[in-house]
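Student: If you want the building blocks of each chain, they are given just below.
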Amino acid sequence: MRFERREHRPLFLVVLTPLLAVAAALALSGLLIAAAGAPVFEAYWRILVGAFGSRLSATETLTRATPLMLTGLAAAVAFRARVWNIGGEGQFYLGAIAVAAVGSRLLAEAPGYLSIPLLLFTGAIAGMLLLILPLWLRLRFSVDEVVTSLLLNFVAVLFVSMLIDGPLKDPLAFGWPQSQSVSDAAMLPKLVARSRLHWGFGIALVLAVVIHIVQSRTVFGLKSRAAGLSPEGAVFAGVPLARTLLLVACLSGGLAGLAGAVEVLGVKGYVTTDLSPGFGYSGIVVAMLAGLHPLGVVLAALFTATMFVGADGMSRALKIPTYIADVTVALSLITMLVAVFFAQYRIRR
Amino acid sequence: MTETVLEIDRVSKSFGGNKANDAISLTLGRGEIVALLGENGAGKTTLMSILFGHYVPDEGHIRVAGVDLPPGRPRAAIHAGIGMVHQHFSLAPNLTVLENVMTGTEKLWSWRSQTGRARAKLKALAERFGLVVDPDARLGDLSVGEQQRVEILKALYNDARILILDEPTAVLTNLEAETLFATLKEMARQGLSLIFISHKLDEVMAAADRVVVLRGGKLVAERRAGETSKAELAELMVGHRVARPVREAHERGAPVLEAAAVSVRVDGVDRLREISFRLHAGEILGIIGVSGNGQAALAGLLSGTLLRSSGDILLYGEGVGDLSVAETVASGIGRIPEDRTREGAIGEMAVWENAVLERIDEPRFSRRGLVNRSAAVAFADAIVRSFDVRGGGPLTRTRLLSGGNMQKLILGRNLAEHPRILIAAQPARGLDEGAVAAVHARILDARKAGTAVLLISEDLDEVIALADRIQAIVGGRLSPPVSADEVDARALGLMMAGAWKKEAA
Chain A
1 MRFERREHRP LFLVVLTPLL AVAAALALSG LLIAAAGAPV FEAYWRILVG AFGSRLSATE
61 TLTRATPLML TGLAAAVAFR ARVWNIGGEG QFYLGAIAVA AVGSRLLAEA PGYLSIPLLL
121 FTGAIAGMLL LILPLWLRLR FSVDEVVTSL LLNFVAVLFV SMLIDGPLKD PLAFGWPQSQ
181 SVSDAAMLPK LVARSRLHWG FGIALVLAVV IHIVQSRTVF GLKSRAAGLS PEGAVFAGVP
241 LARTLLLVAC LSGGLAGLAG AVEVLGVKGY VTTDLSPGFG YSGIVVAMLA GLHPLGVVLA
301 ALFTATMFVG ADGMSRALKI PTYIADVTVA LSLITMLVAV FFAQYRIRR
Chain B
1 MTETVLEIDR VSKSFGGNKA NDAISLTLGR GEIVALLGEN GAGKTTLMSI LFGHYVPDEG
61 HIRVAGVDLP PGRPRAAIHA GIGMVHQHFS LAPNLTVLEN VMTGTEKLWS WRSQTGRARA
121 KLKALAERFG LVVDPDARLG DLSVGEQQRV EILKALYNDA RILILDEPTA VLTNLEAETL
181 FATLKEMARQ GLSLIFISHK LDEVMAAADR VVVLRGGKLV AERRAGETSK AELAELMVGH
241 RVARPVREAH ERGAPVLEAA AVSVRVDGVD RLREISFRLH AGEILGIIGV SGNGQAALAG
301 LLSGTLLRSS GDILLYGEGV GDLSVAETVA SGIGRIPEDR TREGAIGEMA VWENAVLERI
361 DEPRFSRRGL VNRSAAVAFA DAIVRSFDVR GGGPLTRTRL LSGGNMQKLI LGRNLAEHPR
421 ILIAAQPARG LDEGAVAAVH ARILDARKAG TAVLLISEDL DEVIALADRI QAIVGGRLSP
481 PVSADEVDAR ALGLMMAGAW KKEAA
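Protein sequences appear in the order of chains A and B. For the first sequence, counting from 1, position 149 maps to 149 in UniProt numbering; every step adds exactly one. For the second sequence, counting from 1, position 40 maps to 40 in UniProt numbering; every step adds exactly one.
Looking at chain A on its own, in the form it has when it is part of the complex:
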């Protein structure tokens, strides 16, 4: 038995691959659920009910999917140009803290139509800055941005931690490390009344479509793909390599920073160190599950959010740990990588 590279990938395989991967991941984590002594199908049913069974749970799932869509897009645009941005988590936090700082001080008195766009922009800029540094190191000194962007996550998170325990600490938070809040006027309006679902979800959806168009229709999309696929070929064709990759980094870092901004302005209004349950890292999983396709990111983020939100309901009903959701999402990344491999090759005897 051997593998031969498939030269043409039929459409049904492109669509089927992620579905099969998710099915395999569910089957594998089903074994774990069974080992924990719970009925597998009921467990998955509970997850579905937990995620979409009521108006409240459905809006909660979409709320959770919002930052995942943005961090997923951040990873997808970067990876497509072979900029390995593993620093989504740090960019998320830096975007969030920038919003909290500016929103609670400079723009505390500003009306919403002014402060919301300015704060979203602020968050995106903060995220950008954190990715420009690793990219500059790569362009100037050939330092691998996988390492630098990853390590900057810890720098960023500790920096945020310092700020919310120090200069930005909310004096009214009973001693908890928590930043000051942005003004109520700066909060994103709700998309659905009496829920946590906010307009950030709409922003993320629109951005997914915009990025899809940018990648498939624009000169920038073409050039950034060329720069990622073959630096030498791109340079020969006159693509300005450094400028193109820098723009990609701005887009990617900006999206991750925007995710942090949206999470602050949409949900909490302030920053704590548990603002993100790993949104930056999960974004990488989401992007891979989506095959780096911007519209696929929307679906992959919904799947991931469904697992995370639904797992609570399952856990309560069946008395098994919510970690099953983490395991399932992680497994789906592994099965996706395997499935992508098999989709590229055909098996011959």
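Please note: incorrect hints may appear among the correct ones.
Here are the computed distance ranges between Cβ atoms for each label pair [stated by the list, open to error]: (1) V266/B to F141/A: 16 to 26 Å; (2) P93/B to P39/A: 47 to 57 Å; (3) G191/B to L13/A: 45 to 55 Å; (4) G321/B to I132/A: 29 to 39 Å.
Please keep in mind that the hints were generated in silico from the structure rather than gathered at the bench. Idealized CB from N, CA, C, for every residue including glycine.
With chain A's structure known, arrange chain B on it following the hints.
Tutor: Only chain B this time, still in chain A's reference frame:
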């Protein structure tokens, strides 16, 4: 007849519906050198991969010294004494020569490494066959020719009696190739049997005892090297008569591109030293030289990817500053890069994307940052049709095209725009006979239409056949030009060795 060491018996192999090998039978005698000749895609590499156990044949057998070789088992092939020298070496650049040679031979569960014994064996082999190489050198520091020597030594170290070389000269300079063939002959004289794959007629005639010609997966002819000619082999290989196009006498026009004492310095190294040339409309100026003497810098300078450190360049009679790639293309300079898979085209992108990438900012292909996809696809489609690019259309991934067709695409995207100047670096390197003729014909057509062509090449035959005037490039310097009609291969060889400098001094 000498004893038969290898017998390939009616071997067939299909990929999809495509018969890559169709009932091929072939024998190899002790001490014999057989050349496997055929165009790209004729099935040469497939056959050798079956022999080495990389592929399992659909039908047929392989016998070594009369014993059946189990199919699909490279270890069995190595054990039976078959050694393979791949076109793209399978060596680790971060290990030393000795470590590379030993890799895969040592027992996994052993306390001590056999370094001492291995070193002695390697030294004995190197002396016996004249394959000199420092066992402690890091492989990555060696030249391509030396790396190939290591690859051969590795096969010999595994006690190979039958050596298969896949396009061994594809990466070598002419001089290195001559050394290689001397070594191969010495190995045959000492009783080893060799098969080498090639599509170059000269080396087949020079080195082989017997020539086996494959075409379209079938064995079409077998000839003793002494009883055939290049013309016959070319015809057998392609299936019909091929004649390389011939340059016709032709009036040249005004100078369009002039360089005066131009130097290029890359990372602190002088790649070009005060070169001067004058390129006229409607002529081909050949720049001949062994690769690594500044050709890459010259091509980069004129293609807009490298900046000069001093000197003047006149374009259409006027001095110009440093031109970017976009400005170069816009001013009517067509560019064929030396390495088509690295620079010339991006394999993972579609044919249409590669066709327009260097012109994507022109208004016909994009407006306000949006790609005009239908115009770009139509442009690519026109190239595919008029330049006879086979193996796919505008939407095909470029990687799927063969080397010759990829080169036709690159040539086409330049010539379709009727450039006033064409910078062609090694335009026919690595192509098979049919594709070489096609590329040459196109370049000559461009010359006839008034294009000024700067042909950078290390192939003497190519330069003599195409160029009107010739300058040699040696150590980053250019010789004064000579007329192609007044010079022969021997004189050019002297120029390539830098002989003109003495005259000047």
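Student: Which numbered hints are broken by the structure, listed smallest first?
Tutor: Result: no hint breaks.
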